[in-house]
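Enquirer: One letter stands for each residue in the lines below.
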Amino acid sequence: MSRLRIITKGIISGNPIFVLVLGMCPTLGTTTSAVNGLGMGLATTFVLMLSNLVISLIAGLIPSKVRIPSFIVVIAVFVTVVQLIMQAYVPALYETLGLFIPLIVVNCIVLGRAEAFASKNKPLDSFLDGLGSGIGFTLGLTLLGAVRELLGSGAFFGWKMLPGDGMLVFILAPGAFIALGYLMVLFNKFLKA
Amino acid sequence: MFLCLLIICLGGSAVMGSVYLITYEPIAAAQAAKVNQAIARVLPEFDNVPALEAYQVLVDGRQVTVYPAQKDGVFAGAAIEAVTTRGFGGPIKVMVGFRPDGTIHNTAVISHTETPGLGDKMDPRKSDFSLQFQGKNPGTFRLAVKKDGGQVDAITAATISSRAFCDVLDLAYRAFIQTDQKEGGKQ
Numbered sequence: 001m002s003r004l005r006i007i008t009k010g011i012i013s014g015n016p017i018f019v020l021v022l023g024m025c026p027t028l029g030t031t032t033s034a035v036n037g038l039g040m041g042l043a044t045t046f047v048l049m050l051s052n053l054v055i056s057l058i059a060g061l062i063p064s065k066v067r068i069p070s071f072i073v074v075i076a077v078f079v080t081v082v083q084l085i086m087q088a089y090v091p092a093l094y095e096t097l098g099l100f101i102p103l104i105v106v107n108c109i110v111l112g113r114a115e116a117f118a119s120k121n122k123p124l125d126s127f128l129d130g131l132g133s134g135i136g137f138t139l140g141l142t143l144l145g146a147v148r149e150l151l152g153s154g155a156f157f158g159w160k161m162l163p164g165d166g167m168l169v170f171i172l173a174p175g176a177f178i179a180l181g182y183l184m185v186l187f188n189k190f191l192k193a
Numbered sequence: 001m002f003l004c005l006l007i008i009c010l011g012g013s014a015v016m017g018s019v020y021l022i023t024y025e026p027i028a029a030a031q032a033a034k035v036n037q038a039i040a041r042v043l044p045e046f047d048n049v050p051a052l053e054a055y056q057v058l059v060d061g062r063q064v065t066v067y068p069a070q071k072d073g074v075f076a077g078a079a080i081e082a083v084t085t086r087g088f089g090g091p092i093k094v095m096v097g098f099r100p101d102g103t104i105h106n107t108a109v110i111s112h113t114e115t116p117g118l119g120d121k122m123d124p125r126k127s128d129f130s131l132q133f134q135g136k137n138p139g140t141f142r143l144a145v146k147k148d149g150g151q152v153d154a155i156t157a158a159t160i161s162s163r164a165f166c167d168v169l170d171l172a173y174r175a176f177i178q179t180d181q182k183e184g185g186k187q
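Which chain is which? The protein sequence lines are U and V, in order.
Residue numbers are given in the numbering used here: position 13 of the first sequence equals residue 13, and the series is strictly consecutive.
Residue numbers are given in the numbering used here: position 108 of the second sequence equals residue 108, and the series is strictly consecutive.
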């Protein structure tokens with residue numbers, strides 16, 4: 001598989017949200033606005049790239065019985081590092097995303113890529129796979145966040161577009177499932193066409 | 001197997017420990033800056049450094065931090081940092097600035113975990129909800145949402161968050177009354 005295909009696979013045919021349907025907890029929980037979705041996506045991308053890289057470097061040394069706990073420890077370390085650095089140097093971003101950062105540890109997509117790709121491939125390829133999946137995840141989160149923000153509060157990236165308060169249900173959890181369902185249908189329709 | 005996991009955990013702890021040490025001071029500075037910004041936003045003019053004169057008081061067993069402000073050596077009000085646990089999603093920490101006569105000058109939400117798009121409208125950057133308290137004196141202004149017989153316009157679909165906001169303002173006011181007498185004695 002060429003390097004470029006590794007990246008595009010994570011964005012389109014193996015899109016974590018719309019095709020693999022992994023990492024639904026942060027997907028549904030954080031996408032109340034487009035900015036939140038984007039920030040969460042970027043933080044996850046960062047963790048995915050670094051954890052994939054490190055895991056592909058050490059995978060050969062780890063006995064298979066303790067593979068999952070070891071991967072989780074590596075991922076948790078990177079998440080904590082991201083959280084501390086964000087808190088120290090970009091407090092404004094931390095203020096909006098702080099609650100969601102620890103959720104990255106339990107994000108299935110991070111462990112999923114570690115298990116399915118990084119543990120069996122070379123470091124550079126694993127890094128690129130993390131980048132591709134991260135971009136796909138970020139695009140999915142931003143799109144879902146934008147749709148929910150537009151329908152739920154009549155705004156786009158914080159800019160008021162529609163008059164009135166919008167449909168409240170889209171800000172709440174049930175609206176997340178509804179919006180995600182329709183986006184998934186559309187995405188897969190275009191993928192097959 | 002155990003050794004391997006042990007080594008990974010030790011390595012991970014070492015990385016986290018060193019990042020924690022490196023970021024400890026910037027994080028403390030960022031948090032102090034946030035408190036100072038909130039103080040500056042909620043108080044009328046002052047020329048001292050309220051954060052250096054801060055002290056704690058207890059109101060009904062709840063801890064409240066008071067940041068007294070002075071202008072030309074005269075008491076110019078106080079910023080009160082109070083927490084309520086009656087929020088919808090968890091504790092809400094608010095900074096409330098009072099003028100010397102007990103009138104609310106301004107409010108700022110320091111941290112909260114209310115529902116995005118609903119309860120988070122208590123943040124002045126998200127809606128005008130908190131602006132209705134400016135210039136109101138809780139001695140005469142009933143700090144309760146209209147549904148409960150008060151004078152506060154609640155946030156649509158976020159009555160619990162609005163009630164919690166009233167609760168924390170009331171707590172801050174009661175703390176301020178205690179302080180006010182203390183400061184009054186000094187003048």
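Accuracy of the hints is not assured; some may be wrong.
Claimed, not checked - No more than 16 Å apart at the CA atoms, straight line, and that leaves these computed lysine to aspartate or glutamate pairs for EDC-like:
#: 1; chain 1: V; residue 1: Lys126; chain 2: V; residue 2: Asp101
#: 2; chain 1: V; residue 1: Lys93; chain 2: U; residue 2: Glu95
#: 3; chain 1: V; residue 1: Lys34; chain 2: U; residue 2: Asp125
#: 4; chain 1: V; residue 1: Lys93; chain 2: V; residue 2: Glu53
#: 5; chain 1: V; residue 1: Lys126; chain 2: V; residue 2: Asp170
#: 6; chain 1: V; residue 1: Lys126; chain 2: U; residue 2: Glu115
#: 7; chain 1: V; residue 1: Lys71; chain 2: V; residue 2: Asp47
#: 8; chain 1: V; residue 1: Lys126; chain 2: U; residue 2: Asp165
#: 9; chain 1: U; residue 1: Lys65; chain 2: U; residue 2: Asp125
#: 10; chain 1: U; residue 1: Lys9; chain 2: U; residue 2: Asp125
#: 11; chain 1: U; residue 1: Lys160; chain 2: V; residue 2: Glu45
#: 12; chain 1: V; residue 1: Lys136; chain 2: V; residue 2: Asp153
#: 13; chain 1: V; residue 1: Lys71; chain 2: V; residue 2: Asp60
#: 14; chain 1: V; residue 1: Lys93; chain 2: V; residue 2: Asp167
#: 15; chain 1: V; residue 1: Lys136; chain 2: V; residue 2: Asp170
Think of the hints as simulated: they come from the structure by calculation, not from any bench.
Enquirer: Now tell me if each hint is right for this structure.
Expert: Verification of the hints:
no.: 1; hint: V/Lys126 - V/Asp101; in the structure: violated (29 Å)
no.: 2; hint: V/Lys93 - U/Glu95; in the structure: holds (13 Å)
no.: 3; hint: V/Lys34 - U/Asp125; in the structure: violated (42 Å)
no.: 4; hint: V/Lys93 - V/Glu53; in the structure: violated (20 Å)
no.: 5; hint: V/Lys126 - V/Asp170; in the structure: violated (22 Å)
no.: 6; hint: V/Lys126 - U/Glu115; in the structure: violated (41 Å)
no.: 7; hint: V/Lys71 - V/Asp47; in the structure: holds (5 Å)
no.: 8; hint: V/Lys126 - U/Asp165; in the structure: holds (12 Å)
no.: 9; hint: U/Lys65 - U/Asp125; in the structure: violated (25 Å)
no.: 10; hint: U/Lys9 - U/Asp125; in the structure: holds (12 Å)
no.: 11; hint: U/Lys160 - V/Glu45; in the structure: violated (33 Å)
no.: 12; hint: V/Lys136 - V/Asp153; in the structure: holds (13 Å)
no.: 13; hint: V/Lys71 - V/Asp60; in the structure: violated (30 Å)
no.: 14; hint: V/Lys93 - V/Asp167; in the structure: holds (11 Å)
no.: 15; hint: V/Lys136 - V/Asp170; in the structure: holds (12 Å)
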